[in-house]
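*Asks:* What follows is each chain in one-letter form.
2 protein chains.
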Amino acid sequence: MKVTVTITLKPGVLDPQGRAIEHSLLSLGYQDAKEVSTGKLITLDIDEDDENRARQKVAKMCETLLVNTVIEDYDIHCLVADEGDEA
Amino acid sequence: MKVTVTITLKPGVLDPQGRAIEHSLLSLGYQDAKEVSTGKLITLDIDEDDENRARQKVAKMCETLLVNTVIEDYDIHCLVADEGDEA
Chain A
10 MKVTVTITLK PGVLDPQGRA IEHSLLSLGY QDAKEVSTGK LITLDIDEDD
60 ENRARQKVAK MCETLLVNTV IEDYDIHCLV ADEGDEA
Chain B
10 MKVTVTITLK PGVLDPQGRA IEHSLLSLGY QDAKEVSTGK LITLDIDEDD
60 ENRARQKVAK MCETLLVNTV IEDYDIHCLV ADEGDEA
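Sequence lines, in order, name chains A and B. Note that the first sequence covers residues 10 to 96 in my numbering. Note that the second sequence covers residues 10 to 96 in my numbering.
Source of the hints: derived by calculation from the structure; they are not laboratory data. Please note that a few of the clues may not be correct.
Which copy is meant is left open, so a pair is good if it fits within one copy or across any two.
In silico BS3-like pairs for lysine-lysine, Cα to Cα no more than 27 Å straight-line [as the list claims (entries may be wrong)]:
#1 Lys11 <-> Lys69
#2 Lys11 <-> Lys43
#3 Lys69 <-> Lys43
In isolation and in its complexed conformation, chain A is listed as follows (with noise of 0.2 Å):
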């Protein structure tokens, strides 16, 4: 099962990669686009039909490696295959 990680720091913590688009953003031109921030994506395949232990699964890769849980924030989504299961 295809899954995707998308991890994000957690509101207050700063920015600075996003601050640097904005400005370069600003620079160019584009005066429309505001509250710029950036996070991080990873997608793994992980040999896991179920959609609850895959979860559980990438979780705990999450918290012991993948993301650091005092500045940021995971979010995981299950990609399932067309079972007529989707999620």
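Guided by the hints, dock chain B onto chain A, whose structure is given.
*Replies:* Just chain B now, kept in the frame of chain A:
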């Protein structure tokens, strides 16, 4: 309108960060994670109510600044507010 841009490496482009994560997961005992790949996530607030125009604006930003179109693909998701007009 809140817009999320997901940026991933084109197929065939080396992803050393993904390889590193895969190896780390393996050495931590997670044997069922395969094909790990990484990407970037940029969220921004666009001063535009029309979804198509917002998409066009963000696509332009992607082409000129946010994305290296030689090696990266991007995907634009608009998060329409609850107005019975969900995307």
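*Asks:* Confirm or reject each hint.
*Replies:* Hints versus structure:
1. For the homomeric pair Lys11 and Lys69, the shortest alpha-carbon distance inside one copy (16 Å) is at most 27 Å, but the shortest distance between copies (30 Å) is not.
2. Proximity of Lys11 to Lys43 under the C-alpha cut-off of 27 Å is restricted to the inter-copy arrangement: shortest distance 9 Å between copies versus 32 Å within a copy.
3. In the homo-oligomer, the alpha carbons of Lys69 and Lys43 lie at most 27 Å apart only across protomers (16 Å), although the nearest pairing inside one protomer, at 34 Å, exceeds that limit.
Hint compliance for this structure: no hint is broken.
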